[in-house]
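J.: The whole structure should be built from the sequences, with the hints applied where relevant.
Chains as they are written, first to last, in this note's numbering: chain A, 79 to 705; chain B, 150 to 473.
These are computed hints drawn from the structure, not numbers from a lab.
Here are a few chain B residues that face chain A, going by a calculated C-beta distance under 8 Å:
hint, residue
1, SER240
2, ALA246
3, GLN249
4, ILE305
5, LEU309
6, GLY312
7, GLU316
8, PRO319
9, VAL321
10, VAL416
11, GLY419
12, ASP429
Since this is a predicted model, take the numbers as computed values, not measurements. We put the CB at the ideal spot given by N, CA and C, even for glycine.
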Amino acid sequence: MSRRRTETDDGGRRLGRRQWLSMLGLGGATALAGCSGDDGGDGGSGGSGGGGNVEIGDFPRFGVGDLYGRDVARDLARQAFDRSEYEYGFDGDAMVTPDGEQVELGIIHVAGAETNQLTAEFIAHELGDNLGISVSVDAMNPTQFRNDYWLGENAEGGTDTVNGEEVEWSNPNPNNPGPRSVTSSEAWDMSVVYGLNTYPLNPLTNEVFFDGADAQYNPTGYYPQFDATGLFEEARRATSRDGLRRAFVEIFENLAREQPYIMLLFSADLVGYNPDLVGPIENFSNGWDFGRWHFDEPTVSGSYDTVTTSGFSTLNPLYNTENSAGNAIGRALDQGYTFDENQDFFPLLYDMSSEDGEVWTFEIRENLRFSEPYGRVTAEDFVYVIRELHKSDWANTYAASNWEGVEVEQTGEFEFRATLSTPSLLWPESYDPLLFPIPRGLVEPYVEEQDAEGLQQDEELLELQFAGNLGAFELDEWERGSGVQYTRNDEYYLRDIDEGPDLFSEAPLFEAATISVVEEQASRLGALETGEADATGIPPEQFESYTESDGVTTRQIPTPYNSILSVNQRDNGWNAGPGNLFRHVPFRQALAAAISKDELIAGVYRDLANPHFTWQPRWSEFYPGDG
Amino acid sequence: MGFGRYVVARTLWAAAVSLIITTITFLLLAAAPNPQVQEAATQAALQGGDPAEAAERARELRGLDEPLYVRYADFVRGVYTLDWGWAESRSQPVTEALAQGLYYTAQYSVPWTILTVLIGPLVGVYSAANMYSWKDHAATGFAFFGYAIPNFFFGIILLLIFGVWLEAIPIVYNTDVPVFSVRNAVQLAVPVFVLVTGSIGAIMRVSRNESAEFQNADFMKTAKAKGVSPLRAYAYHVMRPTLVPLSTTLVGQLLALFLGSSLLVEVVFGIPGIGRVTYDALIAQDTNLVLGSTLAFTFVAVVGNLLEDIVFTVLDPRISYDDR
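T.: See the structure below:
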């Protein structure tokens, strides 16, 4: 959806709210929309855990250096034993239950996903060595795991005491069915089936995970022991970047201490490029400046050809929700803005500004035009589409949930204003106000008839025939199942803007472009080797050999998607004995300290990943510590 | 019964079969939960709405609240007027999606079928004529190799050799080249080769064994005694009776191979044919398109059976119409 093009097999990744969940091995993402959950609260003690013999500091990095190993893990576990009402302890090497039996736990991984399985086996081994826990490893179909273990189908809500305060689950859902006593149908201890998005551009979105015990997404039953709700509120109300950073740093330091999920690592997207190609960078925003990418010399030449794993279900910009199709649309139609390699806002079609995060002014460039007969792009087009389509109850566009509670008003030919019900300095970073330009004249007949089906099937929208000078290329043909062909748009508006790299004045620097659907991985890699494709994703096991080869340039593009060990803090977790040690912060710290991140990354991930200490990648502006 | 009446009777029966299949499909579909309705309910639940109300609205929108017989009548009318709906997973009408798939599949399946039908029996008869010689063994070995090696794997190997190492064929299938052009022939050569080697094995073995029976038959001795050339003897007197049992194998088997085999080869070579259309529709849960392709294949099979029956009687005049 966004203009970021990492050009991997599955295209760039959109940090939309629809993608909280990245399922390892299945690539599935739940289609969820909207987030509420600003109620509830827990007061809380504001920072806890640690102490005793172990010095963990404000921002502990568990699993590396001093905070890795048998001694530190056992020290932390003993602190947890002290807090537990049951007498757990160590008997020689083994961790034992009050009955004197060795603690036995299970860990679930995705069946048939090798890296995931190796991760589970590595964790089992580490927990055995360092904590004396006997861990059994089980494979499971992710759909079964999701339905029977992860989700609480009978969301019933309820109340519980969290940090001394009564919390009510007033809006339970399968992802957080209620207090810890409300569980999934099957009991489980630990799992590496799911990874989650950490939202580095707009960490406010992490509210869905951590905004109190009744946050919208909390399958494992984590109760924050710090004032998460208060801090998220502080971030939401911040009026300066510094204020934002202060609130977030505190949140992320607390999460580093509390280990709501045992955080393991961030893996990278591995991409191979044509060595003649100039432009790709090893940055989350790789591709934001596609207009200046070129072969060899910075002159217009050649065709930029990529391959994708599957066909697109639609190229209608009003209805697309797929990343790969978003890339295909993006070649011929720009969106409102993007973020440069420093994650700074970069205006494309429009600039956005706000004093307080409540009232936002959109200034549209004056050199934009649709194809005939639709003429110039004006504020009227945007306002009409927002009001009549995105905010309507019948059209159900991709952006339907993004504009709830937002009032828009046209204030000039090229200017409109949006007023948020909840102010947010990070509104652009949420991607909610990111719009495609759609001509009012094109959609008006459908609006009058309230004809959603007609709108979805409209040829002009599907084939982007209205795109005028709004994209780098013109879409020539979309052959379903086989790909898309483009030719250079000689009138691309980006050439006439003042901002950005000098080379934008020639953009794009390719004569043509294609995206071909090639489902078989071996064929995609073959195409990369012979030069038929200029970019494609590379499987980790072949990354090294491609890195050594002259015919391919490899890049590791960082992602915000993590690998975590989920521990079940609900009543059907911890099936080793009485109580649930997972609920105690020092015990989760002990688990994190027992797993060597460096060895996991070297041994299982072939060094193609980065350690994960708190709920942000290191390159995030809101990462605590030295950044 | 004359030939004409026989054909008419068989055709009517084929039409009845297609209606029965359409009816069963409709009943299965009506009994199954509709994924779109479920999706609407889930969405509503997650957004804090009422799932039951959302499901009801979705049902109304899709006409699912009509009585069963009305929906059945609509469905049958739709099927026979080729109004098969909109393929959500491709954003085009179902019939257009199927036609497009078929267009690319035909480009390799036609040469594949022709070559299989020609080469299979020829190699078989040739083997029979030279039974237990090295030529027979070589032909048998080739047939077994092609039959045994999975098309999918063989395709990747050949792509690696001819595409990546020798760079003799393109790896990304190009839909832009004209159908009757050297470039198209080049890009289709390997897929066709893989498919032909995969399918001639069985035909070659059957025809070898069948024709072995006939080459010492009385009519062959007579023909030889009359001085008929070996070529004519085999082509006329051995080939024809050999083809009778093979005609079932040929038509039936090739139709069955159509979907399965073509899918794997289409995936490896990136050909956007009917196999991938169907498979992708299944994965995407695109009900209209799955239904459309199922019906299309059913109709092809029904017509194939019809043709098979007719070919049977033409090839072997001894088969009477009455007892069939």
